[in-house]
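Trainee: Chain residues, written in single-letter form:
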Amino acid sequence: QKEVEQNSGPLSVPEGAIASLNCTYSDRGSQSFFWYRQYSGKSPELIMSIYSNGDKEDGRFTAQLNKASQYVSLLIRDSQPSDSATYLCASQGAQKLVFGQGTRLTINP
Amino acid sequence: DTGVSQNPRHKITKRGQNVTFRCDPISEHNRLYWYRQTLGQGPEFLTYFQNEAQLEKSRLLSDRFSAERPKGSFSTLEIQRTEQGDSAMYLCASSSPSGTGNEQYFGPGTRLTVT
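Residue numbers (this note's numbering), protein chains in the order written: chain A, 5 to 113; chain B, 358 to 472.
The hints are simulated quantities; they were obtained by calculation from the structure and are not laboratory data. Fair warning: this is a prediction, and the values are worked out from it, not measured in the lab. Accuracy of the hints is not assured; some may be wrong.
As the list claims (entries may be wrong) - Straight-line Cα separation of at most 25 Å, DSS-like style, residue types lysine-lysine; simulated pairs: (1) B:LYS428 x B:LYS414; (2) A:LYS100 x B:LYS428; (3) A:LYS46 x B:LYS428; (4) A:LYS71 x A:LYS46; (5) B:LYS414 x A:LYS100.
As the list claims (entries may be wrong) - Here are the in silico distance ranges between beta carbons for each label pair: (6) A:PRO18 x B:GLY429: 48 to 58 Å; (7) A:GLU49 x B:ARG416: 21 to 31 Å; (8) A:SER73 x B:GLN398: 22 to 32 Å; (9) B:GLN437 x A:GLY20: 43 to 53 Å; (10) B:GLY429 x A:LEU15: 38 to 48 Å; (11) B:ARG366 x A:ALA98: 25 to 35 Å; (12) A:GLY33 x B:GLU385: 23 to 33 Å.
What the hints assert, rightly or not - Pulled from the structure, derived: some chain B residues nowhere near chain A, Cβ distances all over 12 Å: (13) ARG372; (14) SER419; (15) ASP420; (16) PHE422; (17) ASP443; (18) SER444; (19) GLN461; (20) LEU469.
Ideal Cβ positions, reconstructed from N, Cα and C, are used throughout, including at glycine.
In isolation and in its complexed conformation, chain A is listed as follows:
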């Protein structure tokens, strides 16, 4: 079992709709969780961090964390074509990040 699991997709969403990305993790000792966006051929870009149960909103992005269910999600509202990318979920226990394999998201105009 992988430590961090994501649906690899591809996930296709029409422009203006809500994109929902999900992630589960196995290490109950993980304290911090991150979402990175990665465009093709580029490096990961940090878009959200979340440390406690509940929701955290930043602009069009909302991260949700449920430690009891070991579940993290990212919602993107009013999806734009520029949101088309691979989204990486990462957990952190001590120092290192443990990544899922990423979900490829395509926003259709």
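Assemble the complex: chain A is given as a structure, and chain B must be docked to it using the hints.
Mentor: Below, chain B without anything else, positioned relative to chain A:
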């Protein structure tokens, strides 16, 4: 504040050659990380420095790999006797501890191709 920088951006080498990559972290970030990413996968942790001390190494870091951060600023990652399986994107990240978080910011990466 400039971001993390990495050099070179691309490296093509023949099997058996040695290669060295450099990473310059965000200024005053005392933590520096190396990851490796292959196509279709998320980045995998290689090693981590706090200041000049190398505090954790992954089992992925075979004896052909060595990393240094001699003065607690820039870091180098050397791969000796490269193999085709070493072909990947090598990513460097840096962070500064703050509160409950340890947000890591990545550089542009060095893409290594071993022929």
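Trainee: Now tell me if each hint is right for this structure.
Mentor: Hint check:
Taking the CA atoms of LYS428 (chain B) and LYS414 (chain B), the gap is about 19 Å. The hint holds against a cut of 25 Å. As the CA atoms of LYS100 (chain A) and LYS428 (chain B) are separated by approximately 21 Å, the hinted pair is consistent with the 25 Å bound. For the proposed pair LYS46 (chain A) and LYS428 (chain B), the alpha carbon gap of about 29 Å is over 25 Å, so the pair is violated. Pair hint LYS71 (chain A) plus LYS46 (chain A) does not hold up; C-alpha atoms about 31 Å apart against a cutoff of 25 Å.
For the hint pairing LYS414 (chain B) with LYS100 (chain A), the CA-to-CA distance comes to about 10 Å; that is within 25 Å, so the pair holds. Checked against the hint of 48 to 58 Å, the pair PRO18 (chain A) and GLY429 (chain B) passes, with Cβ atoms roughly 49 Å apart. The beta-carbon spacing between GLU49 (chain A) and ARG416 (chain B), approximately 28 Å, falls within the hinted interval of 21 to 31 Å. Against the hinted window of 22 to 32 Å, the Cβ-Cβ separation of SER73 (chain A) and GLN398 (chain B) comes to about 25 Å, which satisfies the hint.
With their beta carbons about 52 Å apart, GLN437 (chain B) and GLY20 (chain A) fall inside the hinted range of 43 to 53 Å. In this structure, GLY429 (chain B) and LEU15 (chain A) meet the distance hint of 38 to 48 Å, their C-beta atoms being roughly 42 Å apart. At about 30 Å, the CB distance of ARG366 (chain B) to ALA98 (chain A) agrees with the hint of 25 to 35 Å. In this structure the hint that GLY33 (chain A) and GLU385 (chain B) lie 23 to 33 Å apart at CB holds, the actual value being about 29 Å.
Once the 12 Å rule is applied to beta carbons, ARG372 (chain B) is consistent with being away from chain A; the minimum gap is 24 Å. Separation of SER419 (chain B) from chain A is adequate, the least Cβ-Cβ distance of about 17 Å exceeding the 12 Å criterion. With a least CB separation of 20 Å from chain A, ASP420 (chain B) remains clear of the 12 Å interface cut-off, as annotated. The beta carbon of PHE422 (chain B) sits about 16 Å from the closest Cβ of chain A, which is more than 12 Å, so the claim that it is off the interface holds.
The Cβ of ASP443 (chain B) sits about 18 Å from the closest Cβ of chain A, beyond the 12 Å cut-off, so the non-interface label holds. With 12 Å as the threshold on Cβ separation, the claim that SER444 (chain B) sits away from chain A holds: the shortest Cβ distance comes to roughly 15 Å. For GLN461 (chain B), the requirement that its beta carbon stay farther than 12 Å from each beta carbon of chain A is not met, with the minimum near 6 Å. No Cβ of chain A approaches the Cβ of LEU469 (chain B) within 12 Å, the least distance being about 14 Å, so the stated non-interface status holds.
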